[in-house]
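K.L.:
These protein sequences, in sequence, are chains A and B. All the letters of the first sequence, read from the start, carry residue numbers 1 to 406 under this note's numbering. All the letters of the second sequence, read from the start, carry residue numbers 407 to 812 under this note's numbering.
It cannot be assumed that every hint is accurate.
Claimed, not checked - Straight-line Cα separation of at most 16 Å, EDC-like style, residue types lysine to aspartate or glutamate; simulated pairs:
1. B:495 <-> A:65
2. B:667 <-> B:743
3. A:89 <-> B:468
4. B:528 <-> A:146
5. B:464 <-> A:19
6. A:58 <-> B:425
If you are wondering where the hints come from, they were derived from the structure by calculation, not from laboratory data. Just so you know, these numbers come straight off a predicted model, no measurement behind them.
Number of protein chains: 2
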Amino acid sequence: MHRRLIIQKFGGSSVANVERIQNVAKRITSYKKKNCDLVVVVSALGDTTDELIELSQKITTDPSERELDMLLATGEQISVALLAMAIHKLGFEAISFTGAQGGIITDTSHTRARIIQINAQKIKEELQKGRIVIVAGFQGITSNHDITTLGRGGSDLTAVALAKELGADECEIYTDVKGVYTTDPRIEPKAKKLNAITYDEMLEMASLGAQVMQARSIEVAKKFNVPIHVRSSFSPQSGTMIIKEAKRMEDVLISGITINKHETKITICDVPDKPGVAAKIFKKLSDSGISVDMIVQNVSHTRKTDISFTVNKSTSGKAMKVLTQVARKLRTGEVLEDLDIARISIVGVGMKSHPGVAAKMFEILANNKINIKMISTSDISISCIIEKRFTETAVTQLHKSFGLSR
Amino acid sequence: MHRRLIIQKFGGSSVANVERIQNVAKRITSYKKKNCDLVVVVSALGDTTDELIELSQKITTDPSERELDMLLATGEQISVALLAMAIHKLGFEAISFTGAQGGIITDTSHTRARIIQINAQKIKEELQKGRIVIVAGFQGITSNHDITTLGRGGSDLTAVALAKELGADECEIYTDVKGVYTTDPRIEPKAKKLNAITYDEMLEMASLGAQVMQARSIEVAKKFNVPIHVRSSFSPQSGTMIIKEAKRMEDVLISGITINKHETKITICDVPDKPGVAAKIFKKLSDSGISVDMIVQNVSHTRKTDISFTVNKSTSGKAMKVLTQVARKLRTGEVLEDLDIARISIVGVGMKSHPGVAAKMFEILANNKINIKMISTSDISISCIIEKRFTETAVTQLHKSFGLSR
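Construct all of the structure, not just a fragment, from the sequences and the given hints.
P.N.:
Shown next, in the form of structure tokens:
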């Protein structure tokens, strides 16, 4: 008979204190009682990672990335050891592994390493002994034995990669919410939990600001068709399945609405409309380590055009500094910064086959006197930048009009 | 020209906070400026180890030793990363290693592992690149890649073992005192710092309660003739050299006085005086994991005798429980517990060649009306158990009479 293998990933808030660790241990062992094989991936306790970063900042604002990884990796090592103890206490066998011991081999890009291989032999051996295997998330080791970390949300990636490598039947991502919602329930009380969502939709949701799961890990799950179940560590109810194609009772047009209030809109006015100018601008920004998000260039009627784009608020000061120099060199007009914006996006594979979704979105916003400052679209999403103060109205109206509140 | 290689070990109090870590970094780099090769061994920050143990105790009072090692090893990993960052900040090259990365291979006795081998290749490579190498103390790895710890004071052992393996010119043990004193300066203000002491004397001092350095590490240093320099991390002054034979201006009789207030004296009365009885008693104690220290058996005039010994206060309750059962079985008399004792020991290689040292010690105590409850001697030490309330008087008088206050 096939023995089910389940990967379970618990985030920092699920193991924030001793009591929660004990709860997580109870949930894990309840699966063991059902005779499943289990590999558990854990993040650092609560805010440990942030506290360690803060500690390093007291020594240097520009720490060596190798040493930062050395430091941060201790967070998950603490979690796995404590969780193993808690499981032992319940009378079950368990063994903890660091990323290195779990065979998570990465490249050498410290603080944002990529998994290049998993040597899962030791994990398989321990599973065969009937043990619950607990692996430190977020971390790995290079072939030269340097400790690396996988970047924010890296534990999700550890879980998905292990699920793929071990051929797991399911990869459960435990979090502090009950699943993926049609929109942020703190903003729209009528938000509904989705029973299923496609990888593509989830990818849009993740990168557009829904903080349930790391985008990279969803890409990997999609690539290898790993079935993911996002669910709450505080509730026995099932959450949201992330799968290849969501089988729904009816063809829903859009699955969710995402909100991002962490961006700044920057406009460079009167940019000479000739080839290579935009390239120069964005090259300068990327050289300074600034990620640019939505980019919109208006059609030009003269020989000059305006270019607008968004950057994360934390980098907008730096971006403005870089751009002021660039603007002088390229003889453009003013550089304008708009901090008071929000991005509202609607996401859904359904919109592919339904024309007029964009028009409907713009109409809903217009009917509510909300001005649209920028528009950007993808195959399965439409994003609008609006004034931040209209966020709640926009979300509520869109949620209602697209039938998500039912 | 020979390039000096120095091993420096910094204990937890030397790196208790960011400011102290920065101080340690300054000291280390001052050596680098003198063109020395440096391998630095660091303990966990301040009370981190105790805090981690406390955390584990909240989950289980009987944690798996493998998992406890997994947990505790994070303490030193944090220290090495932060210290490397602090050295970088001063403009020097440094790289941190966990015990595993430093090639510290141990046996599988978790929480008290023994070093069986050091694969120092990576350390040597980094030294050749001109880098300061920082190694996590107290920890190692088994040949099966399980993380181990070396027991309390294990960082000293890491330092000494590395000094031996790398053929270091000196092994500096940095601590929060200025060196090894003739006795505890908190008890006897006239205590003097010793410039030099032999391995044997230091070994007696360490195991008799002077908390400057771990006994096992001194044994290793003695075995391989590693020159040790115990000194303060808060002062530029030199401390105490621990060497094979101390060259002193004059032949001092004793080097120091040690005090131990952490023991309980237990007496089993009327033990049948026949072969095998003592063996049975002490076998039972060792089976229960209780270490016995001084043992005294009085000469018997009848067919019964009294056996007295000391155990650490933390185990005396358990010992009394075990012994009450043993006493019943072996038909001995009462088992008495005396919690109110202190051990005073005088230590010195000089006493080997001087008869009458013991007599002088007893006389000094007698002159001060201090009753001796037990006596035990070794080649280079004499220990007396006295009532705890006489500790200060005994130390002061012995210190003066043996000429240590000069």
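K.L.:
Is the straight-line distance between the alpha-carbon of residue 495 of chain B and that of residue 65 of chain A 16 Å or less?
P.N.:
13 Å, holds
K.L.:
Next pair to validate is residue 528 of chain B with residue 146 of chain A; report whether the Cα-Cα distance is within 16 Å.
P.N.:
11 Å, holds
K.L.:
For the pair supplied as a hint, residue 58 of chain A and residue 425 of chain B, is the alpha-carbon distance within the 16 Å limit?
P.N.:
Satisfied, since the Cα-Cα distance of roughly 9 Å is no more than 16 Å.
K.L.:
Just to be careful, I want the Cα atoms of residue 89 of chain A and residue 468 of chain B compared with a cutoff of 16 Å; is the pair within it?
P.N.:
At roughly 9 Å apart (the allowed maximum being 16 Å), residue 468 of chain B and residue 89 of chain A satisfy the hint.
K.L.:
Residue 464 of chain B and residue 19 of chain A: Cα distance at most 16 Å?
P.N.:
OK: residue 464 of chain B and residue 19 of chain A at ~9 Å, within 16 Å.
K.L.:
Are the Cα atoms of residue 667 of chain B and residue 743 of chain B separated by 16 Å or less?
P.N.:
Within the cut-off at roughly 15 Å; holds.
Every hint, counting from the list given before, is met by this structure.
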